[in-house]
Every structure is written in C-alpha cells, then in structure tokens.
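Participant: Turn these sequences into a full structure, and let the hints steer you where they fit.
Each chain is listed here by its residues.
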Amino acid sequence: MVEFAPRLMPVQVDEAGGAMLRRYVEELGVTAYLGVATTALRPGPDGTVAALDLADGRSVDAELVVVAAGIRPRDELARAAGLPLGPRGGVLVDAACRTSDERIWAVGECAAVDGTCHGLVAPGYATAEVVADRLLGGAATFPGADTATKLKLLGVDVASFGDAHGVTPGCLDVTFTDPVTRSYAKLVLSDDARTLLGGVLVGDASAYPTLRASVGGPLPAPPLALLAPADGAGAGAGALPAAAQVCSCNAVTRADLDAAIAGGATDVPALKACTRAGTSCGSCVPMLKQLLDAAGVRQSTALCEHFDVSRQELFDLIRVRGIRTFSRLVAEHGRGRGCDICKPVVASILASLGAGHVLDGEAASLQDTNDHFLANLQRDGSYSVVPRIPGGEITPEKLIAIGEVARDFRLYTKITGGQRIDLFGARVDQLPQIWRRLVDAGFESGHAYGKALRTVKSCVGDTWCRYGVQDSVGLAVALELRYRGLRAPHKLKSAVSGCARECAEARGKDFGIIATETGWNLYVGGNGGFRPRHADLFATDLSTEALIQLIDRFLMYYIRTADRLQRTAAWIEAMDGGLDHLRAVLVDDSLGLCADLDAAMARHVAAYSDEWRDVLEDPERLRRFTSFVNAPDVPDPSITFAVERGQPVPARDAAHRRQPVVLGLPEVRR
Amino acid sequence: MSPVVALDWTPVCPLDRLDLDRGVAALVGGVQVALFRTDGGLFAVDNLDPVGGAYVMSRGLVGSRGGVPTLASPLHKQVYDLTTGHCLDLPGVTLRRHRVRCRDGLVEVRLRQEE
Ligand code: SF4
Ligand code: FES
Chain S
1 MVEFAPRLMP VQVDEAGGAM LRRYVEELGV TAYLGVATTA LRPGPDGTVA
51 ALDLADGRSV DAELVVVAAG IRPRDELARA AGLPLGPRGG VLVDAACRTS
101 DERIWAVGEC AAVDGTCHGL VAPGYATAEV VADRLLGGAA TFPGADTATK
151 LKLLGVDVAS FGDAHGVTPG CLDVTFTDPV TRSYAKLVLS DDARTLLGGV
201 LVGDASAYPT LRASVGGPLP APPLALLAPA DGAGAGAGAL PAAAQVCSCN
251 AVTRADLDAA IAGGATDVPA LKACTRAGTS CGSCVPMLKQ LLDAAGVRQS
301 TALCEHFDVS RQELFDLIRV RGIRTFSRLV AEHGRGRGCD ICKPVVASIL
351 ASLGAGHVLD GEAASLQDTN DHFLANLQRD GSYSVVPRIP GGEITPEKLI
401 AIGEVARDFR LYTKITGGQR IDLFGARVDQ LPQIWRRLVD AGFESGHAYG
451 KALRTVKSCV GDTWCRYGVQ DSVGLAVALE LRYRGLRAPH KLKSAVSGCA
501 RECAEARGKD FGIIATETGW NLYVGGNGGF RPRHADLFAT DLSTEALIQL
551 IDRFLMYYIR TADRLQRTAA WIEAMDGGLD HLRAVLVDDS LGLCADLDAA
601 MARHVAAYSD EWRDVLEDPE RLRRFTSFVN APDVPDPSIT FAVERGQPVP
651 ARDAAHRRQP VVLGLPEVRR
Chain Y
1 MSPVVALDWT PVCPLDRLDL DRGVAALVGG VQVALFRTDG GLFAVDNLDP
51 VGGAYVMSRG LVGSRGGVPT LASPLHKQVY DLTTGHCLDL PGVTLRRHRV
101 RCRDGLVEVR LRQEE
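Protein chains in written order, with the numbering used here: chain S, 1 to 670; chain Y, 1 to 115.
It should be emphasised that the hints constitute simulated quantities derived from the structure, not laboratory data. We treat Cβ as the ideally placed atom computed from N, Cα and C, and that holds for glycine. A few of these clues could be false.
[Claimed, not checked] Which residues of chain Y face chain S? A partial, calculated answer using Cβ under 10 Å:
1) 18
2) 24
3) 26
4) 42
5) 49
6) 59
7) 61
8) 63
9) 69
10) 70
11) 83
12) 103
13) 107
[To be verified] Calculated Cβ distances over 10 Å to all of chain Y for the following chain S residues:
14) 55
15) 64
16) 71
17) 132
18) 219
19) 310
20) 337
21) 338
22) 343
23) 362
24) 379
25) 531
26) 593
27) 629
28) 636
29) 643
[As the list claims (entries may be wrong)] Straight-line Cα separation of at most 20 Å, DMTMM-like style, residue types lysine to aspartate or glutamate; simulated pairs:
30) 272/S <-> 89/Y
31) 414/S <-> 444/S
32) 491/S <-> 536/S
33) 77/Y <-> 305/S
34) 150/S <-> 109/S
35) 414/S <-> 393/S
Facilitator: Here it is, written out as structure tokens:
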C-alpha cells in the first residue's frame, strides 16, 4: 500500500490512530509505504504492469495496481452552460445552493458549496433541503457538512467524527490505547471538559453511534466508560439526552424517535418508515433497537412482512387447522405473496407434517433452489451431490460405484466432515442421470441440501476397537435410517461414540450419544460452525429403546417449537427453564405432549421414501431438470472447469487471471 | 463471447411450461434469460446474478415486498423488484429486464438493449 500522506487515512485519524491502523494492516501481510509518491508504473516483458517506482528511489513488485483516486464532480453541464466552477471542480454555489445564475441551483455531490464539494450523503440531503426551502420562498442556508465517517479498512473498524483533530482552541484530548485488544480511541472535549467535540476510534468502533450522536452536547457518561472497548453499557443509546441526534444522515433526534415509539412504532422497520432514521448508511440501526428496548417495547416475533406470527405459531396454525397449501395459509393468516423467508419455512413445516413430496404441486414453488433441485447450489451455478452413507459405513462395491459416477460425469470429489462423499460440479440437467446411477447402485438422497437430518457419524465401536463398550456403528446406522428425510428449522447433525474416548465427537452435535458399560448417555444442543458449543448431558445409561424414544421426542419438539434457522443449542438457551424444562417435557411429560410427539415420529418413519427415487419415477418432476426451457439439449455454457490437483474446479480464476478485474468500491459507511 | 442481438420477439415455450411463481431459464439470441409467471403477469430478466456473477436468477424465489413483485437471488438472497429490476437491498444494483408477452399460448421474449 503506497500512501502519499505521512499516515494511513490522514483525514479521518490522527497520528496515534494511524500508527495503530498500520500495525493491523502490516499484520495482514500488507506493507505500507507512507509519505511517498508513486512516480511510475513499469511493465514487465509481457507488457502488463510488473513494478511501481517510488519517489524515494525504491521499487515495489506488483501484478495488479489499484488506484484510489477519490471522486470528481460531474459538472459538464455547468461547464457547457458557462457557469462558474469551484476551484477543484463542481458547480459553484453559495450557501443558498444557488449558482451565479439565480434561476439555477445545484444539490448533491456536484455542488461546490462556497467552493467545497462534499462526497457524502448527509450534506447532499442538506443541500436538497436548502433548495426546497428556497423554492418555497424560505431563507435556508447550508449548515456546513457533518464529515463523520465510519468504515472498515481491511477489516479494521475506523471511525472519526466532529472535531477529530482537535482544532478547536483550548480543547482537551482524552486518549486511550489498549495494546491487548489493539484499540485506540480519542475524545476531543471542550475546555471545561463538559462538551464532546469529536473523536477518533480505531480497532473497535462500537461506541461510534452513541458518541457521534452526542457531539455538541454533554457527555453521556464519563470519558473512560465511553471509551473502554466492549463495554456496551456505558455507550448505550438509552443514556442519550432527548436532543441528541441519533441518525445524523437524516437528522433524527432521540426525541423524534421516542415520539414515534410512543405513537405506536414498535419495531425497527416502523421507526425507519415514520422517522427515516436508519434508512441511509444504517449505522444508527443498533441504537434504534436500544431505544425500543429502553422504551420497554417487546420486539416483534413476526416471521416477515407476510406473517405476523412466529414460526412456532405458524406450525401450530398449519397443524391444528390442517392447512396443506401456502396459498390458503397466506390468504387466511397472512398477506401478500410471500418471500424467500416465509416460503421455505412453510415448505419445511408442510414437509415435517408429512404433506407429500417436496416437489409436488404448489410446494415446488416454495422450495429454495437447493430443495427444488435436491442438490446444493455452488458459487458458479452448478450443484453438488451427496448420497447418504448411513453411519459412514460403506461397502467396497458402493464406494466403487460412487467413484465411477464421479469419474464418468467429471465431478470434483471430496470426503466431508460427516463421513460422506460430496460430488461437485453437476449441471441441473445432469442431476437425474447422476442419480439414476446412484439409485441403481443402492444409494438414496443424503438431504445435504435440506434443513434436515444430515448425518449420524460413528466411531469404530466395539466390533473392532479394543476399547469399545457398545456397537456405535450399528446404533448410528439405525438412527440415521430412522430420522433420514426429517425436515427441521435448521440442519440436524448427530454422532455416536463407542466409549468415553469420544472419537466420533458426539458432543459437537445437535444430539450426540456416548456408550457406557450399561447403555447410552444422550447429549443435546451441541454444534460446530460459527459459534461452536459442546452438547449438554441430557440423560444417562439409557437402553437403546429408551434412547430412541427420547430422541424421537426431542426432535419432534424441536421441529414444532423452534424458530426459523434456530439450531438446537439456541433453541434450548432461549427456552424458559432451559434444559430442566426440556427434561420435564420430554421425560416427565409435564405438558402431556409425549404421546403426540411419539405418534408424529412414528408417522414420519412410516411415510419416508427416497426423494430422488420418487423424482426419477415421475416424468412430471423430471421435466424441471433442464438448463434451458427452449433448448433442453444445450448444457449451460457458463459452467466451465479448470483443473486443480488433478480435479475439475470452477474455471473463473483461470479465465480471469490476466484480464482487468472490475473491483467493487469499498463500502464506506457514514 | 458477444451475444447475438435479438431485437425481435422470439417464441420461447408454451405458457403451460411456466409453473406459477417458479422460474425457468431460456436462451434467447445467445443471452440467458430468466422467465417467471406470477399472479401479476409474466416477467423476464437476465439470468445472470449481478452480484454473484453466476447464471442462476431463474432459480430464485418469487414473492412480494410491500406490494411489489420480487425475486430473490438463490446465491446470497438479495431481493429485486421485478417491475423495475432494481435491487431493494443494494442501492445501485440492477437486474436487466427484458420484454415478455404471451401470444396464442406461446411465451415470447424480446431482448432489451443496454439502458
Ligand atoms: S470412541 Fe471408544 S470405541 Fe469408539 S473408536 Fe474411540 S476408543 Fe474406540
Ligand atoms: S446515521 Fe442513521 S442512517 Fe446513517
């Protein structure tokens, strides 16, 4: 990174902030050349750029050069009309946003107000308001630009606001540098230390919305409480005075928001609609939530704009009223035409209640693309295929069959973490042919595409392992076959270990089983992923029958009462009474639900049939698997492959490597 | 690979090949077009996801937001207004729309040039 200024982001941050930023950036392997200009770009032998020459004589190797050049106002119209321009371009206007011709006005980024162009949204809105007022006979003038900024530089939060460089005469600085959390913060205060004038935040900008809203007003808390990182309490919006501007993009104060809340706005979208707060850069949205909380408003559990109820309430409605179609549901209990949130939720509920094949009739239009093509969409528009391998146990014949299919269709092949095999790079029109071969070889859908039971992983178990005390493989196979095809609010994973050494990592699963000398221990609520969590011990020394009955109830209760995309861990945590409550419901039948849950699982087990086999047997369902409706024999030309480590991979990198790349602008949030 | 320009109406398929609220892809003059039939009529847009860069829009979910018919990208779920092509989640991003009509039970598409 080559920067002409002596520090990174000179306009936004001060020297100490720049130094902190540099440390972050260099840790990412980016070298920063500061205080130096680039004098030349040098081509290599193939004519493309190979190096940069710097003014101090150094040279930097480069394959790709990105030039950040700022913005330039589109002032061609003013030039052509002979209107005066600002010193650095832009239509020159006075504080009333009027050009030298009194009939012509300019607003937004093209306007150079008293000579300065502002490339930010809030000053743009302000100029529009000035002109609107003037046109109506008012006398508004441009109030000066708020240049507060919050952005991410290579993943590092940076914010500056108000008088960030402390140019107000007599002002005081409070600075805070924490090398451990690697954050830097500075507040600029008035000479009596009562009024916040501005500040700089690097590394942790969570206090930005509150601080920015407090500029020009009294400090909402003592300076150190405001600056200490990760101390949300000190910087909550609830502490703001009524006059503080919460949304600076749209000049909305806390008083405005409180009035809207009192007037019946009970969620963030409603607040946005009636005050416009949060509709531009969005950085004030967390404060809108805090203000709702501070006002004691319970946040809505509505699924989306089409249904006012939560997933759980929807489940009960569908079950109790015996509703079988989305159109009837939305006509009787919702509004509009549905969306990518509620449609898959309803599809999943209908599937859990045994409403037939996921591609039948109207249900087909509710499924997101994975469920619609019974395969996993990948980034290039192709799909991956995962046949079920219960418990991870597979015969050599079946292994060979998978290998032959992968070879014949040129699929990229990878072993998954769930003891199965993932085949990548299939086009829509190839899916039925691939599955015809797999089904003939005795495979069935692995539901890797669905919010459904994925895999029950197993360790070696007592058949072979010297330490094993139970047959973990046998149980894993039985569980996977029992729960295959079960659709749920989120994916479900399981594992069985044959002794306490826990080689199957069962405690990382939604339901995990570990063998004991006398039976099985059941753990629930574990997961890997973004927030890994170990499962909690739920019941001990169960017989196989008791274990299966308890898991039946656990899964059905989860399916009936969890929120959309809520995994079992979050579901249990959100439950009043947590694990004890769950035990009371599932073991002691405190709600009298158990017979119902048992019956629901019995219905699922009896009704299971392989989704892929059902598709292959039905020409009507097969019809959907073409790339183009008007050219069924043409394969999708956009799906092409390169070779990496002897396997096909999407061709995008190879194809684009030496071509100019269109880079999206970095997201700049104010 | 520059697509052949098709300025005329091109018949694509019988109307009954389009399921309500579900898309299909079609090749029109070398351009991949995504077609949808909704209660509010027929819609045709580019099959190319302007954000994800893959040809997948025909596999997105159709719905509505605040009364306007919408299409959600199957890759990262950005939602587009089917009547204007504008992305409702990312200002400035637009899905190119094409003309589409039904004649004698046949769906016909006419490509729209760069706007
Ligand atoms: S968990 Fe126990 S039984 Fe299973 S493989 Fe490990 S040591 Fe063997
Ligand atoms: S501060 Fe509210 S939208 Fe930008």
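Participant: Regarding the hint that residue 59/Y lies at the interface with chain S, is the smallest CB-CB distance below 10 Å?
Facilitator: Where the cut-off is 10 Å and the nearest Cβ of chain S is about 4 Å from residue 59/Y, the hint holds.
Participant: Under 10 Å is the threshold here; is the Cβ of residue 24/Y close enough to any Cβ of chain S for the hint to stand?
Facilitator: 4 Å, holds
Participant: Closer than 10 Å between Cβ atoms is the bar; does residue 63/Y clear it against chain S? Give me holds or violated.
Facilitator: This hint holds: residue 63/Y lies near chain S, its Cβ roughly 4 Å from the closest one there, short of 10 Å.
Participant: Need the status of pair residue 414/S, residue 444/S: alpha-carbon distance at most 20 Å?
Facilitator: Between residue 414/S and residue 444/S the Cα gap is close to 18 Å, so the pair holds against 20 Å.
Participant: For residue 491/S and residue 536/S, compute the direct alpha-carbon distance and say whether it is at most 20 Å.
Facilitator: 19 Å, holds
Participant: Looking at residue 362/S again, its CB stays over 10 Å from all of chain Y?
Facilitator: 8 Å, violated
Participant: Quick check on the hint: residue 107/Y CB to chain S CB, less than 10 Å?
Facilitator: 9 Å, holds
Participant: Minimum C-beta separation from residue 629/S to chain Y exceeding 10 Å: can you confirm that?
Facilitator: Per Cβ check, residue 629/S is inside 10 Å of chain Y; nearest 4 Å; violated.
Participant: Against chain S, with CB atoms and a cut of 10 Å, does the hint on residue 26/Y hold up?
Facilitator: Cβ of residue 26/Y sits 5 Å from chain S, so the hint holds.
Participant: Was residue 379/S rightly flagged as not at the interface, with every chain Y Cβ beyond 10 Å?
Facilitator: 6 Å, violated
Participant: Taking the shortest Cβ-to-Cβ distance between residue 636/S and chain Y, state whether it exceeds 10 Å.
Facilitator: 6 Å, violated
Participant: Taking the minimum C-beta separation from residue 531/S to chain Y, is that value above 10 Å?
Facilitator: The assertion about residue 531/S holds, with a minimum of 21 Å to chain Y.
Violation of the numbered hints given earlier is confined to hints 4, 11, 12, 20, 21, 22, 23, 24, 27, 28; the remaining hints are satisfied by the structure.
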